[in-house]
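2 protein chains.
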Amino acid sequence: MAATRIVPLGGLGEVGLNALLVESGEDRILVDCGLMFPESHHPGVDYLIPDLSPVLEGPGRLRAVLLTHGHEDHIGALPHLLQELRVPVYGAPMTLGLVRERLAERAPSARSLLRAVAPGGTVEAGPFRAEFIRVTHSTADACALGIETPGGTILHTGDFKLDPTPVDGRPTDEAALARWGDRGVDLLCCDSTNAQRPGPTPSERAVGEAFARMMPGVEGRAWVATFASSVYRIQQVIEASRAVGRRVTFLGRSVVRVVRLARSLGHLRPAPGDLVPEPRSRGFPRDALTVVLTGSQAEPGSALWRVARGLEPHHRILPGDHVFLSSRLIPGNERAIHRLINRCIRLGARVHYEEVSEIHVSGHASAADAARMIGLTRPRNVLPVHGELRHLEALREVAVGAGVPPHRVFRVENGQSLVLEGGGVRPGPVVSTGRVYVDAGETGATQDALLADRRRLARDGLVVAVAVVGPDGSLVWGPRVEMRGVVPAERADAVAREAETALRSSLARRAEGLERPEDWEAEMALALRRYFRRSRGRRPVVVATAVEV
Amino acid sequence: MAATRIVPLGGLGEVGLNALLVESGEDRILVDCGLMFPESHHPGVDYLIPDLSPVLEGPGRLRAVLLTHGHEDHIGALPHLLQELRVPVYGAPMTLGLVRERLAERAPSARSLLRAVAPGGTVEAGPFRAEFIRVTHSTADACALGIETPGGTILHTGDFKLDPTPVDGRPTDEAALARWGDRGVDLLCCDSTNAQRPGPTPSERAVGEAFARMMPGVEGRAWVATFASSVYRIQQVIEASRAVGRRVTFLGRSVVRVVRLARSLGHLRPAPGDLVPEPRSRGFPRDALTVVLTGSQAEPGSALWRVARGLEPHHRILPGDHVFLSSRLIPGNERAIHRLINRCIRLGARVHYEEVSEIHVSGHASAADAARMIGLTRPRNVLPVHGELRHLEALREVAVGAGVPPHRVFRVENGQSLVLEGGGVRPGPVVSTGRVYVDAGETGATQDALLADRRRLARDGLVVAVAVVGPDGSLVWGPRVEMRGVVPAERADAVAREAETALRSSLARRAEGLERPEDWEAEMALALRRYFRRSRGRRPVVVATAVEV
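In order, the protein sequence lines correspond to chains D and E.
The opening residue of the first sequence carries number 1 in the numbering used here; numbering runs sequentially from there.
The opening residue of the second sequence carries number 550 in the numbering used here; numbering runs sequentially from there.
The shape of chain D in the complex, shown without the other chains:
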């Protein structure tokens, strides 16, 4: 009997990196190929991608990449994949529009591989047949995937919520989901992000209503920071602004780009006169303009970050302005966002943000939405996806509460494969998976040791020592000690001289045993590490160089 193997390469047990490999015989498809943004313990890292080697091995076996939607955590690693092999990439038009921009740097020629599929359309790839099913999410053209495979039927929700009143009037295609349920879903791969939250996720329209309520109270300029891809959010800001006689302009490269794309595809529909080009907006009366801009996560260099620092000559925050941070405070960014909020308040603005306002709702299914998804599709087995372990576990509880037998819910992490055969699912072998750091644009082998070095440099600083020894093994010059990041500059010289004294006396005691320069270097490093550990309780990185002349 034909079997299908499902291998989660990323996204199960950590945030981002979503990539699910589906294999049968010699054929495979990949669902999504996302990145993850670095955290504070990843200094110097641009972003992280899944280890794609399981996808790359056996060239020609990959039949297609299917994309559920265009968020970075689902498409961001695609340029790295398409740099290595040519494979058709299927997605809805908005999704591919966002992918197209991402390909410019690494794989511009891969644009010819993009194949648009309208929601409702189907794709055949080897022995797999996939239907793109419209779902509601925070960006446009998000799709679930119903996939017929030799081992059984998979329904992958992508990122979704069940918004009963979506802004574009096009709700989740629940009829299609129910049809898949009628025919029999063997495995439901279900978004777990918000499964911890009770009840249904509120409609995106709730945010529009909040803006409509709040916009009349804004005396000065209205600043709305949100994710560029949140086109329904932007549409509603435009409508709330129109109602109070404000025109809307855009600040920040990504929002300008996405707005252009979304307008061309009809997802964003401003009325004539709603928008004003940024250069023309500069002289506008403060109460006649709304600025939609990037920077809701206080990203350094983003538009709001620049405005709050006074770095945008034509756009300043003044007393009477209101700043709306219309997005989630992503864990890890809170302190930077709080500092940004404080800056805006210092400039005289009133700031509305998620903790104290209702100007954001999530795009992910809460428990009631997830339970309803299970009710529509009636899966035999459930694989919670898209979350940390705490989210996967929460969806496990929702699924069991919705009647799925506990042993048929697979709360597994990256690398734990599942075998789908004759409609049943069982755990398969564990596949080696991992994360690859993209650092200064380069992908390397695993860089955990490099990051440990960087964290140690940051915490304990660095000591450099240089000595010159003669052919007779005597000290000709030095040792000279220099430091960075150990003590404040005004004390660095004094501490360095003390360290040199300690090092000299240590070398004097040991000089007889030191023959090659390498011996000198090892002894210098040892003595300095000891000195800084004893005198300051710190373990700086030590780089010692001994030159023989």
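I should point out that these hints are in silico values taken from the structure, not numbers from a laboratory.
Mixed in with the good hints, there may be bad ones.
[Said to hold, decoys possible] A partial selection of chain D residues facing chain E, derived with a Cβ cut-off under 8 Å:
hint: 1; residue: H338
hint: 2; residue: E355
hint: 3; residue: G441
hint: 4; residue: L457
[Stated by the list, open to error] The following residues of chain D were derived to be distant from chain E, with all beta-carbon distances above 10 Å:
hint: 5; residue: R5
hint: 6; residue: L85
hint: 7; residue: R102
hint: 8; residue: F284
[Stated by the list, open to error] Which stretches of chain E does chain D cover? Using the computed rule of at least three CB atoms under 8 Å from a CB of chain D, they are:
hint: 9; stretch: 862 to 872
hint: 10; stretch: 931 to 943
hint: 11; stretch: 1021 to 1028
Glycine included, C-beta positions come from ideal geometry on N, C-alpha and C.
Add chain E to chain D, keeping to what the hints say.
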């Protein structure tokens, strides 16, 4: 007419560091003297304290330190102050018990300066007279201070909420607050931490009720992580455990220490048989033990951190256990806490935490509590304290909503002094204030440049170059390049050789102009910085040494 000057040294506009200097003529008192914990952009820093030089200048002028309660952000900088000068320190017994432990390292002899004041008691210090007024908070013996000064009357709330049903049956002394209001409060310094939250803060008893509901459902061991100083939380965990036949033990040095102190003062009242010493608890049946432990913020080395990593040989998390994180997720710690939660789930535990459960309530006044404080004390002027700008601003709105004229609410930040004279308040001069980093146990001058170095080392790494030049200005040895934190170890040699080649050819072009070793060093650093910027888009720290032999 006599005037009083109020100088906020810390805590206004940033978290922690609470310290308010009150001066009249030649006399002054200090209210609280707290620290701030480092954030991710403070690598290597132990903690931060306010710049205490305004307190230290004019020895003998400081008459007393008054402490509102014993949390680190109110007492943590006291050892640094008492290391420099001898001054009586007044506080309630629990507060001083916590201070006493903190003094051991820096100022053990200062213990003789501690003077206990029971809530309700008064203190005279120079021209100041202060009454300690009981308030409810998350730790025991918290007090507000009513202070008569030559320029007028100040009421400082300390950290408070108005808990109508406190666990120890001793609510905020609202009668005393009202008496101060009757006599006339010229300036209310009011805790702003939770002023953004509507309504009153729930009673601490709500947490006890949640534990009572949840404890019967715990099959295995119950683990409760909370702050050691949250003695009412611990009391309620003991009671909820008793109700289901569990005994309680403690893990983690600070919780053991604070429990001992709180028992000796009668704030924690276990019944006979409620507690079991940790060594005896090791063999207990899993369903007969609750472990109260440190680590609710996932602090490295804390008890829960160690247990979740399997580092506690006698205490392991097993399937069926429940882990309660009974505290706030402090911004900046979320990601570490989330990772800790995932670890516990991976070990088979069910985890309850603030985002998904009701096992924590705040100890700070929400808007309704703050409004009620204003109603009781009827202040002429209000100074929001204890918060970032966004919190101070929220309390400003609460105060205005409660009827205080807007121009009498002083939403100022650290260093902006206020002059209290004849019951009126006006802004005074701005005083130079700041934060001092405690780094490897040492306090330094401002270390912002040092931290910038460390952050750069972490982000871009480090390049060390050494060369030896002869008396004729020719290159005798090297240049040798070594790197740390720039590229992964397996590629470091290759990149170093490339950098050496680039450096050599750059030096060859410029060698004529290079005379002294300093010239060589400057040229080497310049060339290497250019090389790494162009080849990798990075700006590593470069340490170049040229030796002339």
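Here is how each hint holds up against the structure:
no. : hint         : in the structure
1   : H338         : holds, 6 Å
2   : E355         : holds, 7 Å
3   : G441         : holds, 7 Å
4   : L457         : holds, 4 Å
5   : R5           : holds, 24 Å
6   : L85          : holds, 24 Å
7   : R102         : holds, 19 Å
8   : F284         : holds, 27 Å
9   : 862 to 872   : violated (count 0)
10  : 931 to 943   : holds (count 5)
11  : 1021 to 1028 : holds (count 3)
Comparing the model with each earlier hint shows a violation of hint 9 alone; every other hint is respected.
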